[in-house]
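K.L.:
If you read the protein sequences in the order shown, they are chains A and B.
Sequential numbering from 1 applies to the first sequence in our numbering.
Sequential numbering from 1 applies to the second sequence in our numbering.
Among the hints, a few may not be true.
So the derived list for chain B, only partly shown, Cβ under 8 Å to chain A, looks like this [said to hold, decoys possible]:
1. Asn-21
2. Thr-49
3. Arg-51
4. Val-95
5. Leu-233
6. Leu-240
Keep in mind that the hints were calculated from the coordinates and are not lab data.
A virtual CB, placed ideally from N, CA and C, is assigned to each residue, including glycine.
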Amino acid sequence: MSQHHTISPEISFPPQHAEGTKKIWKTFWILSIITIIELAIGLAIYNIHEGENPNANLVLFFKGMVCILTLAKAYYIVAIFMHLGDEIRNFIMTIVVPLLLFIWFIIAFLWDGDSWKNLRNTDAGSRPNIEKVAPAAKQKGAKD
Amino acid sequence: MASTAIPAGTKWWSGGKSPFNASYGKIMMWYFLMSDAFTFGAFLISYGTIRFSVNHWPDPNYVFNAFPFAGHANLPLAFVSLMTFILIFSSVTMVLAVHEGHKMNRKGVEKYMILTILGGLAFLGCQAWEWTHLITGDHAVLVNGQIEKWGTTVTRNPFGPEVLHNGQMVSTPGPIAFGGYFFGITGFHGFHVFSGVVINIIMYIKTRLGHFDQRGHYEMIEKAGLYWHFVDLVWVFVFLCFYLI
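Can you build the whole structure from these sequences, using the hints too?
P.N.:
The structure is reproduced here in structure tokens:
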């Protein structure tokens, strides 16, 4: 710890900062390489869509891959660039544990969206006293 | 964490000292960013819900395939990857500014803050171009049996399902939620970038005036840096949700 560095009195133990920038550049390369892989997967999805028989499962697999790679990128940005990895464990937990709500949040709402699609495509969502929209009009309709 | 060598049995919560060995301002910046993460998360999840609920959604590789000065060349993902790399790079210059701040090197902080501000402005310029291109671009759409030329706005989406019309495939109006979500979420993110640039400019001026040297530490640069990295973090997810999947 350098002597000319005064810190705010509420901090009990002066933090140790890395001398060099090696870790920063290493993280930059990791983020860049992950982004390039993501772009390659994005173009692969594009080519699958352009192709003769798009394989829905393969597209889903690739989309799952980019989601995982994005989470990896988020980890590196938060842990290294934002220095959260250097904080005290209890503090890390006060940030990370509330974010676990997203697990429920994503599952519940995407499930809800999917349920709406099923109602849209079947009779399950129609009420008997409401006039049914003709299929031809529906295909053109601006609402869909 | 482990390298700070904290004595065993330290009473973190006894008062007078930070329980987390970090200043109040920094801890509160983290909690603000966590709440902001929920705001963006709610936006993106709501977008996902609507997208799951409709039968057709525009293909991002088809909608975002233009590049400045490239005319009508089909370049899917090219421009948005440029924007992504600009933001990653400005994140690196920001963390380098924080690093120079730890070493109390004012000249270094000034240099990297300038680079970060330029990166932010470059990103905003790219976003302005992309919005303009999307709003003013005209795509043939079949509306009530007539071909019209539409741009993408919050009330119009020319990228609907394609139908056969006079022997060729023409798209029909798509879900208008596409424009609303795209402009809403990238706009909210762009506003964060804009305010981040303003904060960084203020930090640069304060560095130039020697305020942090007088204070004895460059913690304000760290707090501005947290905000700036968060903006980059959000873009990682916007990039995923709007352009990749």
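K.L.:
It remains to establish, for every hint, whether it holds in the given structure.
P.N.:
Status of the hints after comparison with the structure:
Hint status for Asn-21(B): holds, given a least beta-carbon distance of 6 Å to chain A, under 8 Å. At a threshold of 8 Å, the smallest CB-CB gap from Thr-49(B) to chain A is about 4 Å, leaving the interface hint in force. For Arg-51(B), the interface hint holds, the least distance from its beta-carbon to any beta-carbon of chain A being 7 Å, beneath 8 Å. Annotation: interface hint on Val-95(B) holds; nearest CB of chain A at approximately 5 Å, less than 8 Å.
Evaluation of the Leu-233(B) hint against chain A yields a held restraint, the C-beta minimum of about 5 Å falling below 8 Å. Using the Cβ-Cβ criterion of 8 Å, the hint placing Leu-240(B) at the interface with chain A is satisfied: the shortest such distance is roughly 5 Å.
Comparing the model with each earlier hint shows no violations; every hint is respected.
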